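Enquirer: Here are the chains, one letter per residue:
Protein chains: 2
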Amino acid sequence: MQFAKRIEGLKPSDIQEMFKLAADPKVISFASGVPDSTYFPIKEMERLAGTILSENAEKALQYGATEGYIPLREKIAARMKKDDIDTSVDNIMVTTGSQQGLELSAKIFLNEGDAVVCEKPSYAGAISAFKSYLPEFVEINTDEHGMIMEELEKALEMKDNIKMIYVIPDFQNPTGKSWSLERRKELIKLANCYDVPVIVDDAYGEVRFNKEKTPSLRSFDTERKVIHLGSFSKTLCPGLRVGWVEADIDVLQKYIIIKQSSDMHTNILAQMKVDKYLELYDFDAHIAEINSVYKARRDTMIEAIKEHFPSNCTYTYPEGGMFIWVEMPGNVDAREVLMESIKENVAFIPGEPFYPNGGVKNAFRLNFSNANESKIKEGIERLAKVLKQFTD
Amino acid sequence: MQFAKRIEGLKPSDIQEMFKLAADPKVISFASGVPDSTYFPIKEMERLAGTILSENAEKALQYGATEGYIPLREKIAARMKKDDIDTSVDNIMVTTGSQQGLELSAKIFLNEGDAVVCEKPSYAGAISAFKSYLPEFVEINTDEHGMIMEELEKALEMKDNIKMIYVIPDFQNPTGKSWSLERRKELIKLANCYDVPVIVDDAYGEVRFNKEKTPSLRSFDTERKVIHLGSFSKTLCPGLRVGWVEADIDVLQKYIIIKQSSDMHTNILAQMKVDKYLELYDFDAHIAEINSVYKARRDTMIEAIKEHFPSNCTYTYPEGGMFIWVEMPGNVDAREVLMESIKENVAFIPGEPFYPNGGVKNAFRLNFSNANESKIKEGIERLAKVLKQFTD
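Residue numbers (the working numbering), protein chains in the order written: chain A, 1 to 392; chain B, 1 to 392.
It is worth saying that the hints were derived from the structure and are not from the lab. A few of these clues could be false.
The list makes no distinction among identical chains, and a pair is therefore deemed to hold if it is satisfied within one copy or across any two copies.
[Claimed, not checked] Derived lysine-lysine pairs resembling DSBU-like cross-links, with alpha carbons at most 35 Å apart:
1. Lys-295 / Lys-254
2. Lys-82 / Lys-189
3. Lys-26 / Lys-159
4. Lys-189 / Lys-295
5. Lys-388 / Lys-213
6. Lys-343 / Lys-385
7. Lys-254 / Lys-11
8. Lys-388 / Lys-154
9. Lys-82 / Lys-59
10. Lys-306 / Lys-375
11. Lys-82 / Lys-43
12. Lys-43 / Lys-189
None of these values were measured; they are calculated from a predicted model.
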């Protein structure tokens, strides 16, 4: 059988393969970027489930509008407004997880051969979604303040096929890095100047360990270049597959048309559940609770790394999110390290899938949200021993 | 802002627009292809909802495998086996509604400019999904036995860019027509001979009013050319967005990779609900119940059409599904008829979006599943009066 050209380069993502490995209870997994299910609001979800069906079953189980369930869209808009974002229900479309927002963005903006700018490294799931539209990837280096603007400007100046900039400004997947206010402002300036849409992936923005929030790119997006992708997967639960796109109304219209032929609409019952949860419970208090758990785990992991990792490995210090990024000396291949560490029952994700153009083998991603503190200590110690064999 | 080329030709589908019209309670709507929500198994779903969360909440709300929830995949395979289809759990991937199966099929098989064969007319939602990959459409006429094989063979002979054949062999949307056994066998022969995959859209196959089932295309698909798309939307409920793809394992692997970057996986809780429903209740009895309701509505609609429609309008007689297809004299434009009939508070779908290459204006689709018998009588009478103004 003959497949389309776009299929040739695609391989199953390491991340999904890691889910399978991580399923062995002996393995301490720092691999998948999964929230800890013991902190899902299960009791609350149980209470909701019956209520929605007894009040509203015919609507919950019937076909619905592609844009999504209006009360949920209203609540999402209200939450964004609290962050100084000037938006309304008409700017919000519910997506089947924010992964769908990435897929739709690529489909809407990228012809074959067009270029997409992303951080180097960037989220593997976004790279896969974009890759299936056969674009060129322009990777821009980052430092501790975010994307390096001189590199971005040079790329925008030199290349006339850049159709989309993709960024994860808060607690990035995979590095855990965040952008400074200044870099955010500079990005908006460049996007305005070169008229390029900016896809902002905000999957981790609310998983924040310090009190202060750096304003979102959308909050000073005066010329409406930002398309903001939000998610309930990290703060509420991922299984329901509920995220959203916030965009200018004319742009959102394209998302609606494309989503319509992709899956008609997102599961209504799931939308109603999220809506009801937001109505009845204190979502911010819930977020604060999980954030305090994840913060403690980050601290534990950082301490253990400091104590045990070889000194020629560097690592990031995330102020939120779920990930620490480790770089080893240039000649070390993270896949080989993984093969050894699996024997010691520790798993992580080698960094390669986070580089769309490949070529970087000496980095890996550690997740700290999904193992408790004693497992984190134990796992990092074991991993450190393996690392020493490779980096000595 | 600049959009990809594929976006230019896409307009919001009439069908979704019709949902909005049909929402006015004064309107008798034969427009949307929606099951009657009063027959959803609501009591059963309420009972399930609590059980699943109290037994299995952490799994239900966490990320899951792209392939889908194994027990549900097993039950789907078992149901297909009862229809003499040689399959297994490894051949099944759960989709976010069978609409997603259509989108993924186009993405997997169609390069820009490749051709897709479909029935003339064909399902508008499939046409939109395919169109977004910029193919050429080869429309093949049908008669009362299905697609006309001489035309199909000629197309396959003449054109070397046909990469996919899309058919709805049972109770087609929009015509309500079904294929004879002989035509099905001939199609498989041609698909084998020309090595072209056949996407079988089986959304309506179980909504059957007579006892005998014509064997599915998959049941004599010896060389594995068929990709079978199934759905729970018409038989259980559409709001949960649960459908499936059944395919050869190597082909299914492509669907899994592409779905992974599209939405990671389908809502797990929804999959568990369908699974639990199949485990605890008699799904076939439920299907028999809704089929008897829809059969009576079909009878009522056919009777009313016979009695009131102008004699120069022809119509199909569906043995299942949800639709009757009406053709008016060649000079009548169904959109103009709709504009008038809306004034009389009756809605239907003009036929044009069901022809990917356009050009046919004198046909329309009537849905009989979503209005009760007295409304059907009343609506058809009103519509007949409008039709007489146009066809006299």
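Enquirer: Each hint needs a verdict: does it hold in this structure or not?
Expert: Here's how the hints hold up against the structure:
1. In this assembly of identical chains, Lys-295 and Lys-254 lie within 35 Å of each other by CA distance neither inside one copy nor across copies; the values are 39 Å within and 39 Å between.
2. Taking the shortest Cα distances, Lys-82 and Lys-189 sit within 35 Å of each other inside one copy (24 Å), while across copies they are farther apart (62 Å).
3. Proximity of Lys-26 to Lys-159 under the C-alpha cut-off of 35 Å is found in neither arrangement, the shortest distances being 49 Å within a copy and 56 Å between copies.
4. With identical chains, the CA atoms of Lys-189 and Lys-295 are at most 35 Å apart within one copy only, with a shortest distance of 33 Å there and 62 Å across copies.
5. Taking identical chains as interchangeable, the C-alpha atoms of Lys-388 and Lys-213 are never at most 35 Å apart, the minima being 37 Å within one chain and 66 Å between chains.
6. When the C-alpha separation of Lys-343 and Lys-385 is checked against a cutoff of 35 Å, the pair qualifies only within one copy, where the shortest distance is 12 Å, while the shortest distance between copies is 78 Å.
7. Taking the shortest alpha-carbon separations for Lys-254 and Lys-11, both the intra-copy value of 28 Å and the inter-copy value of 9 Å come in at or below 35 Å.
8. Neither within a single protomer nor between protomers do Lys-388 and Lys-154 lie at most 35 Å apart by alpha-carbon distance, with minima of 39 Å and 67 Å respectively.
9. Taking CA atoms no more than 35 Å apart as the test, Lys-82 paired with Lys-59 passes in both settings, with 30 Å inside one copy and 32 Å between copies.
10. For the homomeric pair Lys-306 and Lys-375, the shortest alpha-carbon distance inside one copy (16 Å) is at most 35 Å, but the shortest distance between copies (74 Å) is not.
11. For a Cα distance limit of 35 Å, the shortest separation of Lys-82 from Lys-43 inside one copy, 27 Å, qualifies, whereas the shortest one across copies, 39 Å, does not.
12. For the homomeric pair Lys-43 and Lys-189, neither the shortest alpha-carbon distance inside one copy (46 Å) nor that between copies (55 Å) is at most 35 Å.
Hints 1, 3, 5, 8 and 12 from the list above are not met by this structure, while the remaining hints are.
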